[in-house]
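J.: Chains as they are written, first to last, in this note's numbering: chain A, 58 to 367; chain B, 58 to 367; chain C, 58 to 367; chain D, 58 to 367.
Each hint can be trusted.
Pair by pair, the computed Cβ-Cβ distance ranges are:
#1 B:E243 with A:A79: 31 to 41 Å
#2 A:S200 with C:P241: 41 to 51 Å
#3 A:S200 with B:T286: 44 to 54 Å
#4 A:R238 with D:G287: 17 to 27 Å
#5 D:A367 with A:E316: 46 to 56 Å
#6 C:P365 with D:R312: 53 to 63 Å
#7 B:D347 with A:L361: 55 to 65 Å
#8 A:V84 with B:E217: 27 to 37 Å
#9 A:G287 with D:E150: 46 to 56 Å
#10 B:E217 with A:E316: 18 to 28 Å
#11 D:R313 with A:D60: 39 to 49 Å
Since the hints were derived computationally from the structure, they do not count as laboratory data. All values reported here derive from a predicted model rather than from experimental measurement. Just so you know, even glycine gets a beta-carbon here, dropped at the ideal spot from N, CA and C.
4 protein chains.
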Amino acid sequence: MPDLAARLRGVIPPLVTPLDAAGEVDVGSLRRLLAVALSAGAHGVFLGGSTGEVALLDTEQRRTAVEVAVSEVAGAVPVLVGAVDTGTRRVIEQARGAEALGADAVVVTAPFYVHPHPEEIVQHYRLVRAAIDLPVVGYDIPSAVGARLTPEVVATLARERLIVALKDSSGDLAGFRETLRLVPTEFPVLTGSELVADVAVRLGAAGLVPGLGNVDPDGYLRLWHAARTGDQARAGVEQDRLARLYAITQIPDRRRIGETAAALGAFKAAMALRGIIANGRTNLPLLPLDDTEVKSIAEVLDELELGPVA
Amino acid sequence: MPDLAARLRGVIPPLVTPLDAAGEVDVGSLRRLLAVALSAGAHGVFLGGSTGEVALLDTEQRRTAVEVAVSEVAGAVPVLVGAVDTGTRRVIEQARGAEALGADAVVVTAPFYVHPHPEEIVQHYRLVRAAIDLPVVGYDIPSAVGARLTPEVVATLARERLIVALKDSSGDLAGFRETLRLVPTEFPVLTGSELVADVAVRLGAAGLVPGLGNVDPDGYLRLWHAARTGDQARAGVEQDRLARLYAITQIPDRRRIGETAAALGAFKAAMALRGIIANGRTNLPLLPLDDTEVKSIAEVLDELELGPVA
Amino acid sequence: MPDLAARLRGVIPPLVTPLDAAGEVDVGSLRRLLAVALSAGAHGVFLGGSTGEVALLDTEQRRTAVEVAVSEVAGAVPVLVGAVDTGTRRVIEQARGAEALGADAVVVTAPFYVHPHPEEIVQHYRLVRAAIDLPVVGYDIPSAVGARLTPEVVATLARERLIVALKDSSGDLAGFRETLRLVPTEFPVLTGSELVADVAVRLGAAGLVPGLGNVDPDGYLRLWHAARTGDQARAGVEQDRLARLYAITQIPDRRRIGETAAALGAFKAAMALRGIIANGRTNLPLLPLDDTEVKSIAEVLDELELGPVA
Amino acid sequence: MPDLAARLRGVIPPLVTPLDAAGEVDVGSLRRLLAVALSAGAHGVFLGGSTGEVALLDTEQRRTAVEVAVSEVAGAVPVLVGAVDTGTRRVIEQARGAEALGADAVVVTAPFYVHPHPEEIVQHYRLVRAAIDLPVVGYDIPSAVGARLTPEVVATLARERLIVALKDSSGDLAGFRETLRLVPTEFPVLTGSELVADVAVRLGAAGLVPGLGNVDPDGYLRLWHAARTGDQARAGVEQDRLARLYAITQIPDRRRIGETAAALGAFKAAMALRGIIANGRTNLPLLPLDDTEVKSIAEVLDELELGPVA
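Could you build all of it, start to finish, from the sequences and the hints given here?
T.: Here it is in structure tokens:
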């Protein structure tokens, strides 16, 4: 476990789940995506996160995605797997499944649908930790879950060694910083932010888990290396460029499709345009982008000179 | 299906899931709870709803609860089963499980964790409906799910026959009424309200699905019969008494345990005190009520002369 | 004060503030609106509420509106005046102004912009009460204020005689009922609901304060008298008709104008179409309805046979 | 106006409003506070902001505070004055008052209590701008107002020269950065953040408006100068120290007093302990801190060696 924590540093993209025309996992596209990420230098991969449409995947889809990733990565970097579900027992079921498939760690949110007390959130992680042999990474994503993992709760989880790292997708940089103040020095806090990744690294983020890293892994790798070596000017330039790329998530019309469909649809459309995956299909019941929207995304890629991957 | 819809009238308590000391389903207590509900005259039972701690139950617990209910009820009244999960495919998995176990209908919320557009919510029900042979009951519970099934969405679902009834746990009586205005006359809208059940019946609710009905099924049956026959004075008196009983959910200290733990813990504590179930244990990671809180609940039961069930 | 409380029963429309082309109070239109309300049988009038665009009125506009109302009503019915502001001292300034102009009572919300504790809310009313000679009516409108006047807070305010009545615009009928259970029998709770007014009366509402009462005061008077005399069928029919009328607030396009502009613009457009006021202008910075929207509102009026007032 | 914008750089503390035992503005304490801020090197002062309890001040209190500030500052640095109110006309009334008293600029939020469309927010600033001769500073504080000034809205306001600067109290650093990308280069964006001020400067903030600057103006001046000159290590050390100081806002018990009372009460208590103001009194109806809480605040000051000001 200390080993794993030490390896949770750098860029760990939360991979999308490519789908074929029948709606099943497009294994070929997933393999290519993994290859693109690894050849860009990714320090890990995260399967079954929010960007991976985990809430919309059934058991078979989740299993396939993890199997492919574990096999393709072959130990080169850690494979993190989301065990995202409403309650403790459900999470344990999923975590055991991930364990059996060879995941290196599971990524676990606070309970949702229910309204837990912070002490019940701690209890949740205590029970999950006790039930499995895999390390657990905490996942703070209040936009999906409705509740925060506060800096105080994270500090408790870290101190009791219930989690080996945190993925912070809260969007609250002051809270991120407070968390860093409260946890042990060596405890890795990863940021899920696409837009203040450079700043997060300077403040002490151990790594980046940006959904947009599916579209432009090279960009986040460059940002990471620049930021890590103190070249903040260059990190800032990369961050600005990635912010312009992130604007593709604003292109889909929210009067027609939902927020999740817009963001994930834009990522996948851009990936398809770059040839990373075969098509931009999202899981049901999300609605697809239309041709005009895809064309606008293509224009952004052109402006940023993000062509097909080799 | 028309048959089922016609039977979705009256009091259909959303049953708690009693647990034994090991945290598994306490089958004896569940049998007794079912017997108490049926002998009180319940017109149906609902397993695996929010009151049934569905978000905290694993596959085995859900299966046991449904098996026991289907076997115990033996066709006397409809057995509704929650297929509560984040996305379409997950819901379909759960719905098929319920179908295989003999459920009469599945109860399905909007997707959550993700942020769907209303049209994507409709699409969700369309796909679930197409994938299973069971009737689907819509479940509007924004406090858990974060999104509404608006009256317009419900009207679309009813018109396209994607759902055969609605359980309205929105707490929005004006919206409930608007829904009634928009759906076909025979479409049953059930209210999940504990506190305005009498009014809901007068406005056209086809039935009641009150969590508090676990504690005092007789009370809700009396309320239902009074309200149905136009004896609003008597219905109002019952409703007032039940509102005083509902105050048990305010007893647990929210600074120590969460909102879900407080409400479900109060229900289960009261049921244990009445001998309906063996103990008041809730599922992990919810924290238990303390002795003082249970004592206060006992006092409320005493005041309302709610003693042990026969 | 007991006298005033006794008179706070029946229909008390929260009057819009008609504006002329220069954006000043259109005194002629306001006089006509008052005459229409009184001749319909209104039991009071409420100036400077949310429907009166109180948040957008400057000192001069507020003064004019109150002066005209006090003069026109001439003691026939109570004139309530909103003293709606962020903090205690600001509210007292406004309340004293209303007092000087001859208001019969002031209507006061919880503090906003700040985030008060319930005990600070009680303190707010205590201080306002001590600073003026007029009776105070509590105003629970969480959609505007962000905080609730909970049933417990209202009960405290009523018991300490800090307020003589409550206007409940919370939309929470279970809470409304709980409030009725907790306050002294004679304490008047008025509902601000347009859509469950009939039910509220049956549950014990002392009166109605519906914004839509500007458009169709006769309708709410009929509803009131039917509901008061126990003729719930007829009250229900009126309520249904008024719900269809209320749908005019859904006509304006929310992608172009805000929620407040849409609702108040629809009310004023309908009033102008009926000849109650000279035009449908709302206060700046609210944007106006467009011609298509006004035409759709005219069609709803036609369907409901709401022609020009005599 | 270009002149003013050029001067809106550096540390501009949003001053508290000290009160005497009668609840009126404590002019002596305000003078001392101004002297402390100026001698620390503050580049401006902001009267009547959220930290100044603007929502709780009556006309006389606001006038006194501004008069004292204008007189004491005597042109040495800009005096910004909040014109914080619900609607356009109310804001104009307040802005004219500030103008007459010699303010250098007014600080204006989006309308609140009402629910405006973004285009109505732009219209609001257009009308305020046209009605007064003073420059307007936009104030984005969604925690108080309920609505955002989005980066797009700010860009429009800046482009149309309706505002000369922005105070960003949104807590959203990604949005702050997006705003900087969209506005003209010379447009000053000031951050209201206490906790990521160093980062904000590095990203391009023209200045700091931290409430905590009332307690330790020297600290924010040191942070500013370090961050401006690229000494990020030293800026980070100051920021960490100020984060420890900011923890005083967590000391008051939120079960007893509200969030606003806790934060402002903590600031004022610390200021009184340091001898900057005579006492820690907040405006009614906020409740006071208790002795234990004040003692805990004193301990934090001791730990950080923040003794009495000279």
